[in-house]
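Letter by letter, the chains look like this.
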Amino acid sequence: MENARPLFENTCEKTVFSKLHERYAKDLHDFIYYKFGEQYNPKDKVQEAFMKLWENCKKISPDKAKSYLFSVANNTTLNTIKHRKVVLKYESNASKNNSTNQDPQFLLEEKEYLNKYQKALSNLTEEKRVAFMLNRVEGKKHKEIAELLGISRKAVEKRIYSALKQLRRDIDGI
Amino acid sequence: MKEEYLIEKWIRDELTSEEWEAFKKLDVYPSYAKISETAKHFRAPKFDAQESLTKLESDLHQPILKTTFNFYKIIGIVAAICIIVFSAVKLLNKTSYLESIQTQVAETKTLSLPDESEVNLSAKSIIQFNSSTWTQERSLNLEGEAFFKVSTGNVFTVKTKYGSIQVLGTQFNVKSRAYGFEVTCYEGSVKVIIDNKAYILQPKETVNFIKDKISNSKTYSSKPSWINHTSRFKSTSLESVLQEFNLYYNIKFETSAINSSRLYTGNFVHNDLENALKSITLPLKLTYQINGDMVILSKK
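Chains A and B are the protein sequences, given in the same order.
For the first sequence, our numbering gives the first residue as 1, with consecutive numbering after it.
For the second sequence, our numbering gives the first residue as 175, with consecutive numbering after it.
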């Protein structure tokens, strides 16, 4: 699909624009969320990026749109950041099912584990965290991640692998 | 099988069933499995693509965004053009654009040049200079009479139709009239160039150039007389004196009954017509009669 000759010269066509949104909006959102966390409003960044794309639609062909969207969203977020630690929120099983019949010892341990996990995630570099989360949580294939980020498959694997190792080191203290 | 190899294959989702068994037996397996599983607790919030698109479309339908964008773009282009044209004009006109200052009959002006040199412009006079190149070249054109106080710096040139005056930093008066040319130095030294010949003036020295004749004289005042609203003459033809008179008083002379080539020595004031007329007529034994803006001179 990505090698197909573009049917449209630019993205000013409404149908083209909607297609691009359908295809990339969620990935763009997840990318910004895992990279920068919730505090920079990933949803707004997605909106901004697509607005920019529409404003400049005459200059951007559909096959260039993806990398345009990702760099715009990335840059606008970077512009608002004074580098802070990224903290991703978690949802523990305990809070999900209100059942009281769980062992309090187990609950405590789980909470501790999640807190450690959260800290370890913050300590990952943005690159590693994005690749790891897209793969493990969003279930994206290495090839897809490579395309989204504009890097090689090998690089994606390397990031995920070293993210895993670092997480284990931080969480289990090995 | 190597631990690292298995983990890599696991990450790639390429483990065969045998490899799976081997992987599960590894010491690190529970740890990695838990890490991989726990990651799901940190899932990004749900993203509603439909809602996002709807919001986007409603935002895009507001034309403000697009028009302001174009509006600023146009303003930017216009501003850029203005700047380019302005600087081009400035550059091209560097040598030809002259600032010009003029005085009317009986009017005097004091002005500061860009380097803080001072010019006292006498009545009915014009100076022209290029303010944009002034710092590189201090040079001006003069028609009429002016008193200069030049601040020290590079060469300061006054050009007249008779010749030019060059100084470095000094005070001097230049008088350039139809009937002749006169330069007086009051401070420092002044170089006057007439017909490619240079004359150096020391303080209180005057050079006259009247009817192609050069003559030198001395003055005893520290300022030209016109600064004090007086014109002073020494053996000057009455014709020239009356021409000078016309610079300060808006009148016409009727001189058919007298000999206007007689020489006059004396002075007249610039702010009292009757008084000034008396100053001229009494020593020459003439009388005057004022008739509107006409003054008739006759023998006593």
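FYI, nobody ran anything at the bench for these hints, they're computed from the structure.
Small disclaimer: the values here were computed from a predicted structure and weren't measured.
Certain hints may be false.
On the chain B side, residues computed to face chain A include the following (Cβ under 10 Å) [stated by the list, open to error]:
no. : residue
1   : ILE185
2   : ASP187
3   : TYR206
4   : ILE209
5   : PHE216
6   : LEU230
7   : ASP233
8   : PRO288
9   : LYS335
10  : GLY337
11  : LYS365
12  : PHE383
13  : ASP386
These stretches of chain A come out as covered by chain B in the derived footprint (C-beta under 8 Å, 3 or more residues) [as the list claims (entries may be wrong)]:
no. : region
14  : 63 to 70
15  : 122 to 132
From the derived model, a few chain B residues whose C-beta atoms are all more than 12 Å from chain A [stated by the list, open to error]:
no. : residue
16  : GLU182
17  : TRP184
18  : LYS298
19  : ASN402
20  : GLU413
Idealized CB from N, CA, C, for every residue including glycine.
These are the hints, each one checked on the structure:
The criterion of a C-beta within 10 Å of any C-beta in chain A is met by ILE185(B), whose closest approach is roughly 5 Å, and the hint holds. Checking ASP187(B) against chain A: minimum C-beta separation of about 8 Å stays under 10 Å; hint holds. Checking TYR206(B) against chain A by beta carbon gives a least distance of about 6 Å; that is within 10 Å, so the hint holds. A distance limit of 10 Å between C-beta atoms decides the matter here; for ILE209(B) the minimum to chain A is near 5 Å, and the interface restraint holds.
Against a cut-off of 10 Å between C-beta atoms, the interface hint on PHE216(B) holds, since the closest Cβ of chain A lies about 4 Å away. Annotation: LEU230(B) was flagged as interfacial toward chain A, and the flag holds, the nearest CB pair being 5 Å apart, inside 10 Å. The interface hint given for ASP233(B) holds, since its Cβ lies 7 Å from the closest Cβ of chain A, which is under the 10 Å cut-off. A least Cβ separation of about 45 Å between PRO288(B) and chain A goes past the 10 Å threshold, and the interface hint is therefore violated.
Because the closest C-beta pair between LYS335(B) and chain A is about 63 Å apart, greater than 10 Å, the hint is violated. A distance limit of 10 Å between C-beta atoms decides the matter here; for GLY337(B) the minimum to chain A is near 66 Å, and the interface restraint is violated. The criterion of a C-beta within 10 Å of any C-beta in chain A is not met by LYS365(B), whose closest approach is roughly 65 Å, and the hint is violated. A distance limit of 10 Å between C-beta atoms decides the matter here; for PHE383(B) the minimum to chain A is near 72 Å, and the interface restraint is violated.
Among the interface hints, the one on ASP386(B) is violated; its C-beta lies about 76 Å from the nearest C-beta in chain A, farther than the 10 Å criterion. Coverage of the region 63 to 70 of chain A by chain B is violated in this model, with 0 residues showing a Cβ closer than 8 Å to a Cβ of that chain against a need of three. Counting residues of the region 122 to 132 of chain A whose beta carbon lies closer than 8 Å to any beta carbon of chain B gives 1, which falls short of the minimum of three for the stated coverage. Here GLU182(B) does not stay apart from chain A, with its beta-carbon only about 6 Å from theirs, under the 12 Å limit.
Its closest Cβ contact with chain A, about 9 Å, brings TRP184(B) to no more than 12 Å, contrary to its assignment away from the interface. With a minimum CB-CB distance of about 64 Å to chain A, LYS298(B) clears the 12 Å threshold, and the non-interface call stands. Even its closest Cβ contact with chain A, about 70 Å, leaves ASN402(B) beyond 12 Å, as expected for a residue assigned away from the interface. Every beta carbon of chain A lies more than 12 Å from that of GLU413(B), the smallest distance being close to 80 Å; the non-interface claim holds.
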